[in-house]
Each structure stands twice: as structure tokens, then as C-alpha cells.
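Participant: Listed below are the residues making up each chain.
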Amino acid sequence: MDKVIIELAGLSVGYGENIIIRDIELKLKKGSVVSLIGANGSGKSTLLKTVFGELKPLKGNVLLEGRPLSEIDKSELSKRIAILMTDRFKSGFMTCREIVELGRYPYTGFLGRLSGDDDRAVEDALEKLRISALSDRLFNRLSDGQRQLVMLARAICQEPEVLIMDEPTSFLDINYKLELMKIVKKLSEGGITVIMSLHELELAKEISDLVVCIEGGRVVHTGAPSEIFSESTIGEIFHIDSFGILKKYLFG
Amino acid sequence: MIAGYAVLLSFLFLLIILNICIGSVSIPLKEVAGALFGGSSDSTVYHIVRDIRIPRLSAAAILGGALAVSGLLLQTFFHNPIAGPYVLGVSSAAKLFVALTLIFSLRFGMITDSWGMILAAFLGSMVSMLFILFVASRVRSMSILIICGVMIGYICSAVTDIAVTFADDSNIVNLHSWSLGSFSGISRENDLVAAIVVAFSLAFAFLLSKPMNAYLIGEIYASNLGVNIKRFRVFLVLLSGLLSSCVTAFAGPVSFVGIAVPHLMRNVFKTEKPVVMIPACFFGGALFCLLSDLIARSLFAPAELSISTVTSVLGAPVVIWILFSRAAGRER
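These protein sequence lines map, in sequence, to chains A and B.
Take 1 as the starting number for the first sequence in our numbering and just add one per residue.
Take 253 as the starting number for the second sequence in our numbering and just add one per residue.
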């Protein structure tokens, strides 16, 4: 539990010349749940994309068990880090099962044929999220919540050590939000490190081992939820002076 | 899936037979068999079957299949079912390059062989493809991209017309019917070269079916799954260009097959899987073009329609169908 799996060392992220968050120093422990919170446009997605190697660091490094991502071969990386993003796609005639099967991509051979092990991993993932019944349904006929679970099943059967999720709870109703958080808890107990951006502070407070607050292009606070969710910190991050409702909600 | 292929292949077989038998001279099946397997190699029937109809139907099948797969690859690339070599202007640019090559080589008394024609068409299609990619990197809208492609098509066709009009060789008569699109006059040597290029591209495309499948759910996921996106995209463009330029080099521009056939096949096989779709599109394209060519040369025989006239009538409604169902899907 105390092993560091991902380290952000002097990391600056952004696009081209444009740095969005600078000088991040962070050590993430294996099996922990890490939430990034911050206002819209604060660069949470950019940071996440850099952590899984989609964007190159503008400065510093992302280290996976001590090795910079740039030195890790793409096929190895695909077995270690899985993602769940907000990007939509046209799925046409693709069934849920076909989409979940794509999670086995790093393991399948020539032409992507699934072995017995691959089939089992797919079925396990579907069962774990209790969506086996959706298996043969067309993906584009599902509700947002169901789709999110299918995409998560896809990420899980990739058998990653790190799961990165960008706003996994947006568009979901409260039942799916709670369901998703239960799954996250279970995954982290199984040793998977979960790094996600969250809008819902109450969920972040509930589930995280570590909360990372981003504001004004910097990481302004990191710590356990109990340290972070004090009135002054939250007010500072979201620029709220009178946040009565939120206060009531979070602090009772 | 197997049933789908069985139906497809039986229709294909049926159309091959019809394409041999039907024409300005009808040949009964018995005589065809006699001409092919019997000894009488000097009869008229033998000549018509062996030297005219079989080369022509081979061309229609090979090139039709190539065109459909080329469309499928472009649709994968752009994540859009309305992409195709014809609407993106790739075919027309290839046509322009082939026409210019022919006119110049005739003027200097050289003859361009099949490989040279493919090369010219390939260069043309890559030039237009680079332009399309440049536009795509600037604007996100697929509609604008398609309109740009159609405009490139008009410009290239206009320039081709000018070149053909002012070219002074008598061979230009052939060039004129070619520039409208036709499977007639394709030699056995042309067929062989086309078959080699198409077989190579098809095999290569089939090997890409694994990353193509991952690419369907978006670049970011595909990349995370281990697909080398840049290299993969280059392969898609090169292969679709090679396939469509093969068609343009020998048959001129053939419209809408690249969009209509993949869409029809998706609906027949109810799948997006490239492993199924690549062969299905090839057979479907072959079927589509054999049928179109049969109509083109027999409907008003002995007068012939250009192949694009027929494929437009059959294919354009499919494009409208795609647009309608997409609009309906958005409202849902």
C-alpha cells in the first residue's frame, strides 16, 4: 500500500508553448484513490492526459515505478494504464461486448482474435460491473450511465495497474454515481490505483485517499480529504465567498 | 455472418455468369462453356468471351471491390460514413494526373504502361489527399471537408476537360470515354496489374483490421490501447489512395461505390468489425460494379452508358439514406 506507483516530478503540463499547470510534485501510492478537483478549465484533463502519455510533459517527468513514461514501450504501457475519458464516438453496430473486448487489445495477437483467457477476462469484467445482460445490446442504444459502465468494463479487462478517469460521473444520475464510486472502491482494494477528476466535491470527499486541488495553474493543496475540505480551502479553489449551500452540504 | 458471405458470393457468381452471357450478342450458357473448356479457339464466341467479356468483368469486379475498400478505409480515417475517394476529390485529382500523363506521353511518342498510369493516379490522389488533410487540420466540420472535396473534384474535372479538348491526338477519343468512367477497353495486362496491386493493398488492409477496430472508438482510446496513431493513419491514407488510384488509372472516376457499398455491407452484416467488413466490402463492391456495368452496357445496347451514370443512380440514394438516418439519430 505504501509503494509509490506514479510520481510527478517537476511536471509542467499544457499544449505547445502554453503551460497550463506548472511544477507539479506528487507521489501517488499504489492502490490509492486520487481525486483532482478544480474549476472548469483549470487543466485537470490536460494533467490526466499527460499522466497516461497522450500529451508529452512540457517540463519534468511522469514516472511509472521510477521510469519515465517516455522510456516505456507503448505496448507495455497499454497493459499498465487504462483510461476512461469523456470523448464520444459513433459506435454504429458495435455491441457492448465488442467494445469491452477492445480492452483485450494489448493481449490479443494477430487480427485481434480473442483467446479463452481473453473471453474469460471480458466476462469477468462484465460480471464485476453487473452488466452481463447488456452484452449483446447495441452500445448506442444505452443510457449514459450504462455506457459509462461498459467503457469502464473495457478499461478493467485491460487489467491495468493504474486507471485514469476524466469526469467519470458527469451525465450520470445519482444511482450510477454511487454505483461507480462503489466500483472504484473495490478496484482500489484490489490494488489498482485510480486517478480521476471530479466535479462533485462530496464524492471526492467520500472516496479519495488523496485530494489534489488545482487552481491558477498550480497544485495549491494536496492531502487527505479531511485536511482539504475545510471551508477556507474550498472557497479559495472555487472562488466562492458565500457558498452557503455548499457549506451546508459538505460540513452539515 | 457466414450466411451473409454465402448470399454475397452466390450473387457474385450469378452476376459473373450474366456478365458473360448478356451483351450486344447474347451467348447461351452452353456455348460459353464450350468456348471456355472446349477446343474451338477461333470461333467468334470464343473471342467475345475470352477477349472482351472476361477481361471487362474481371476489371469491374477487381476495381469495384478496390473502390469499396478504399471508401471503408477513408471512413475509418475520418470517423465518418460519408467519406469516400469520389466525394473527397481524390478520384478526380487522380484522373487529372492520369490524363495529363497520357497526353504528354502521347505527344512525346511514349506509351505509358499500366504501372505508369497507377503511379500517376497515385500521385494525383496523394496531392488531393494532402490538401484535404490540410483542410481537416484547420476545420473540424466534416461538411466543410466534404464540400471542399467536391469542389476539388469539379476543379480537377474542369482542368481534365480542358486538357482533353486541346489534346490533338486521335487517341483522345478513348481518353474522353475513360474520363467519364468506363470498364470497357481494359486489357488482360491491365487486369493483371490491377489484380496484383489490389491484392497487395487488400492483404495489407486486412492486416490493419486489429488497429482499425480499436480506432473505431476514438483516437485517444486506440492510442492508450497501444496503436501507433500516426503510423496507422499514414497507412490508411496510402492504402486507400493506392486502391482508388488503381481504379482511376484503368476505369476513370467511378462515383459513390466507396460510400454506398460499405454502408450497405454494414447493414447486411450488422457489424463494424473490420475483419468482417474488409472482405465484405470487397465482394460487395465487386457485386455492385458488375451489376452497374451490366446495366451500363445492356440497358440501351448497343449504346453504352458511362459506369458513373449507373453507380450514381444506384449509389447516391444510399448517401441520402445515410444522411437522413444520421439526422434522425441525432434527434433521438
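Keep in mind that a hint or two might mislead.
[Unchecked claim] Straight line, CA to CA, 20 Å or less: simulated EDC-like cross-link-like pairs of lysine to aspartate or glutamate:
1. B:LYS522 - A:ASP73
2. B:LYS482 - A:ASP73
3. B:LYS525 - A:ASP73
4. A:LYS90 - B:GLU471
5. A:LYS56 - B:GLU471
6. A:LYS90 - B:GLU524
[Stated by the list, open to error] To be clear about the criterion: a stretch of chain A counts as covered by chain B if any three or more of its residues have a C-beta under 8 Å from a C-beta of chain B, and this derived list gives those stretches:
7. 28-40
8. 99-110
Rather than coming from a laboratory, the hints here were simulated on the basis of the structure.
C-beta atoms are modelled at their ideal positions from N, C-alpha and C, and glycine is treated no differently.
Participant: Against this structure, judge whether each hint is valid.
Facilitator: Now for the hints, and whether the structure bears them out:
For the suggested pair B:LYS522 and A:ASP73, the alpha carbons sit about 36 Å apart, so the restraint of at most 20 Å is broken. Of the pairs offered as hints, the one joining B:LYS482 and A:ASP73 holds, with about 16 Å between alpha carbons and a cut-off of 20 Å not exceeded. For the hint linking B:LYS525 to A:ASP73, the alpha-carbon distance of about 27 Å lies beyond 20 Å, and the restraint is violated. Simply put, A:LYS90 and B:GLU471 have alpha-carbon atoms about 12 Å apart, close enough for the 20 Å limit, and the pair holds.
About 16 Å separates the Cα atoms of A:LYS56 and B:GLU471, which keeps this hinted pair within 20 Å; it holds. Between A:LYS90 and B:GLU524 the alpha-carbon distance is near 11 Å, which keeps this suggested pair within the 20 Å criterion. For the stretch 28-40 of chain A, the stated coverage by chain B is violated: 0 residues have a C-beta nearer than 8 Å to a C-beta of that chain, whereas at least 3 were required. Only residues whose C-beta sits within less than 8 Å of a C-beta in chain B count toward coverage, and the stretch 99-110 of chain A has 7 of them, enough to reach three; the restraint holds.
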